[in-house]
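Asks: Residue numbers (my numbering), protein chains in the order written: chain X, 1 to 269; chain A, 270 to 567.
Think of the hints as simulated: they come from the structure by calculation, not from any bench.
Since the model is a prediction, treat every value here as computed from it, not as a measurement.
Every residue, glycine too, gets a C-beta built ideally from N, C-alpha and C.
Check each hint, because a few of them may be wrong.
Residues from chain A that face chain X, not an exhaustive set, calculated with beta carbons under 7 Å [to be verified]: (1) 301; (2) 365; (3) 397.
Distance windows between CB atoms, simulated [claimed, not checked]: (4) X/154 x A/475: 34 to 44 Å; (5) A/425 x X/14: 20 to 30 Å; (6) X/24 x A/477: 25 to 35 Å; (7) A/482 x X/21: 27 to 37 Å; (8) X/252 x A/315: 32 to 42 Å; (9) X/14 x A/456: 41 to 51 Å; (10) A/530 x X/255: 44 to 54 Å; (11) A/422 x X/11: 49 to 59 Å; (12) X/159 x A/530: 58 to 68 Å; (13) A/304 x X/159: 45 to 55 Å.
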Amino acid sequence: MKLVHILPASVVGLILFFLAFPIVVVAIVSFSSATYLSFPPPAFGLRWYEAYFSNPDWLKPTWVSIWVACAVVVLATFLGTLAALGIARLPKGLRVVAAGLILSPLIVPGIVVAIGIYYAYSRYGLVGTPIAMVLAHTCLAVPFVVTSVTASLSGIDPRLEQAALSLGATPGATFFQVTLPLIQPGVLVGALFAFITSFDELIVALFISGTGAVTLPRRMWDDLRFQIDPTIAAVSTLTIVLTAALMGAAHLLRKRAEQNRMATSSAAP
Amino acid sequence: MSEVVQPASLALAVSRPKTVPFDWRRAVPLLLAAPLLIYMLVFYALPVVAMLLRSVNDPTWTLSHYATLFDDVVFQKTFWITINTSVTVTLGCLILGYPVAMGLVRSRSMAPFILVIILLPFWTSVLVRSYAWMVLLGRHGLVNEALLALGMIERPIRILNTPLATQIAMIHILLPYMILPIANALRQIDPSLIRAASGLGATPFMTFRQVILPLSMSGVAAGTLLTFVLALGFYITPAMVGGPRDITLSMLIAQQVDQLNWAYAATLSAVLLATALALLAVARKLPGVGNAFKTSMR
Numbered sequence: 001m002k003l004v005h006i007l008p009a010s011v012v013g014l015i016l017f018f019l020a021f022p023i024v025v026v027a028i029v030s031f032s033s034a035t036y037l038s039f040p041p042p043a044f045g046l047r048w049y050e051a052y053f054s055n056p057d058w059l060k061p062t063w064v065s066i067w068v069a070c071a072v073v074v075l076a077t078f079l080g081t082l083a084a085l086g087i088a089r090l091p092k093g094l095r096v097v098a099a100g101l102i103l104s105p106l107i108v109p110g111i112v113v114a115i116g117i118y119y120a121y122s123r124y125g126l127v128g129t130p131i132a133m134v135l136a137h138t139c140l141a142v143p144f145v146v147t148s149v150t151a152s153l154s155g156i157d158p159r160l161e162q163a164a165l166s167l168g169a170t171p172g173a174t175f176f177q178v179t180l181p182l183i184q185p186g187v188l189v190g191a192l193f194a195f196i197t198s199f200d201e202l203i204v205a206l207f208i209s210g211t212g213a214v215t216l217p218r219r220m221w222d223d224l225r226f227q228i229d230p231t232i233a234a235v236s237t238l239t240i241v242l243t244a245a246l247m248g249a250a251h252l253l254r255k256r257a258e259q260n261r262m263a264t265s266s267a268a269p
Numbered sequence: 270m271s272e273v274v275q276p277a278s279l280a281l282a283v284s285r286p287k288t289v290p291f292d293w294r295r296a297v298p299l300l301l302a303a304p305l306l307i308y309m310l311v312f313y314a315l316p317v318v319a320m321l322l323r324s325v326n327d328p329t330w331t332l333s334h335y336a337t338l339f340d341d342v343v344f345q346k347t348f349w350i351t352i353n354t355s356v357t358v359t360l361g362c363l364i365l366g367y368p369v370a371m372g373l374v375r376s377r378s379m380a381p382f383i384l385v386i387i388l389l390p391f392w393t394s395v396l397v398r399s400y401a402w403m404v405l406l407g408r409h410g411l412v413n414e415a416l417l418a419l420g421m422i423e424r425p426i427r428i429l430n431t432p433l434a435t436q437i438a439m440i441h442i443l444l445p446y447m448i449l450p451i452a453n454a455l456r457q458i459d460p461s462l463i464r465a466a467s468g469l470g471a472t473p474f475m476t477f478r479q480v481i482l483p484l485s486m487s488g489v490a491a492g493t494l495l496t497f498v499l500a501l502g503f504y505i506t507p508a509m510v511g512g513p514r515d516i517t518l519s520m521l522i523a524q525q526v527d528q529l530n531w532a533y534a535a536t537l538s539a540v541l542l543a544t545a546l547a548l549l550a551v552a553r554k555l556p557g558v559g560n561a562f563k564t565s566m567r
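When you get a sec, could you build the whole thing from the sequences and use the hints?
Replies: Printed below as a string of structure tokens:
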């Protein structure tokens, strides 16, 4: 009887180890003091973080990535939130078509999207500009905003909006004072996802970032073709920490919104 | 249970007919959605369609690019490698993912810990995770060092830049996509069914085999299809850790674009896209899968 309990637990433990271990190794390697990639490191130090923070070849792509991601957040959150509000109220046929178009970047293989965008953008001289990166990444980020906002919209008790309207609020006032505060966590979660989608994106960047808009993932990719020096481990560790923090925040936000929703709906008679 | 969730639309549509002289408000939803729809058409859908059209209009309207695909040895080999990799990876994910999904659902106290372990790699970019496997599987990487130390091999073996490396890294990357839908399906199983089975004298294995496994099949189907479709399109990982001759469909497409061979690249893209869409269309028809998809995509 004991074995029946211990065996599955240790199998699960091993698989979880398989999941976590590579990430942990990257983090440990990044603190190595060795000049080459070795594990376990002979000694620990911050030399690879210094190498990263003192090298404009790394810092410039980092800033490009941050600026592009911030612009994507603004554009994708604005367009995505508006669209989510509209789509929920569209007639069914139209809604299916609209949702299909907006959500398709989740399903269409990355390489197909990337070369399609490259094909069209290169004709209009956009390749190699940060603007092209923003335009393209917004398409990839929008599905996350729309699903997130749609989910929080569907959780709203319609009686709240009805109450506001019947008490004499204009539709505009109802939106800004009732609907928007209620979907705000969903909008925020969508914005966080949009940032990470753009910040981590590589395939489209490989084709359209050219030499004028090299992003951080693109810079890492270029570097990996020649060497695997531990600077990349340091950069990787920093991006892991950043994305984990943002995703963790999104996760908590969503959970709290769900709990709030449950609390309000169970409080109602 | 009295709460039927109504679409938020009713709120605006139902109330206050008195102050609405015109019907223009019915256009509001479309006006709200229009900016994004136009944006997606201009900057994403039309570019992809224009590119795909090169497969049938280069140099004139023709289906010859598709016709030659059947005799194209390079395409056949690549297609086979892609399918083979995707099947192996999907099976690997299923075998490794199911027990973790069980663990996640059944152990109350460990669940948050397990979830973090699953989500942390999930939130890390594909590039970084592929790089991690380069570090681990290299000639002087940890795996080789460990095997040497254990005396299982005498000199470092080549793992990086082989199909095995691609498979290991892809399983690592896609595992959460398998775990989450299965865990979702497992969570919905009524615990009283499991208690009833064991109360009636079923062994834990019989309970699993005859109650839990059949009831979790919608999650298994959703996870399997999702993993397989995502695996089909993988580009970064096989390019980074895979063998130089083990070219997947995505890599072949990128290669053809580099050589400005747009007609061929577009034809291959159309095949890749059609395969993915066909599989998803099948998936949506399976009972319970559509819902499992929706919840796991979020």
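Asks: Does each hint hold? Answer for all of them.
Replies: Going down the list of hints, with the structure as the test:
Residue-level restraint check for residue 301 of chain A holds (minimum Cβ-Cβ distance to chain X is 3 Å; threshold 7 Å). Annotation: interface hint on residue 365 of chain A holds; nearest CB of chain X at approximately 5 Å, less than 7 Å. For the restraint placing residue 397 of chain A at the interface with chain X, the shortest Cβ-Cβ distance is roughly 4 Å, inside the 7 Å limit, so the hint holds. Taking the beta carbon of each, residue 154 of chain X and residue 475 of chain A are about 40 Å apart, inside 34 to 44 Å as hinted.
With their beta carbons about 24 Å apart, residue 425 of chain A and residue 14 of chain X fall inside the hinted range of 20 to 30 Å. Remark: the range hint 25 to 35 Å for residue 24 of chain X to residue 477 of chain A is upheld by a beta-carbon distance near 32 Å. Between residue 482 of chain A and residue 21 of chain X the C-beta distance comes to about 29 Å, which sits within the given range of 27 to 37 Å. Taken as a hint, the range 32 to 42 Å holds for the pair residue 252 of chain X and residue 315 of chain A, whose Cβ atoms sit roughly 38 Å apart.
Look at residue 14 of chain X against residue 456 of chain A: about 23 Å separates their beta carbons, and that is not inside 41 to 51 Å. At roughly 49 Å, the beta carbons of residue 530 of chain A and residue 255 of chain X sit within the given window of 44 to 54 Å. One distance hint, 49 to 59 Å for the beta-carbon pair residue 422 of chain A and residue 11 of chain X, is violated here, with the actual separation near 25 Å. Distance hint check for residue 159 of chain X and residue 530 of chain A: the Cβ-Cβ separation is about 60 Å, which falls inside the suggested range of 58 to 68 Å.
In this structure, residue 304 of chain A and residue 159 of chain X break the distance hint of 45 to 55 Å, their C-beta atoms being roughly 30 Å apart.
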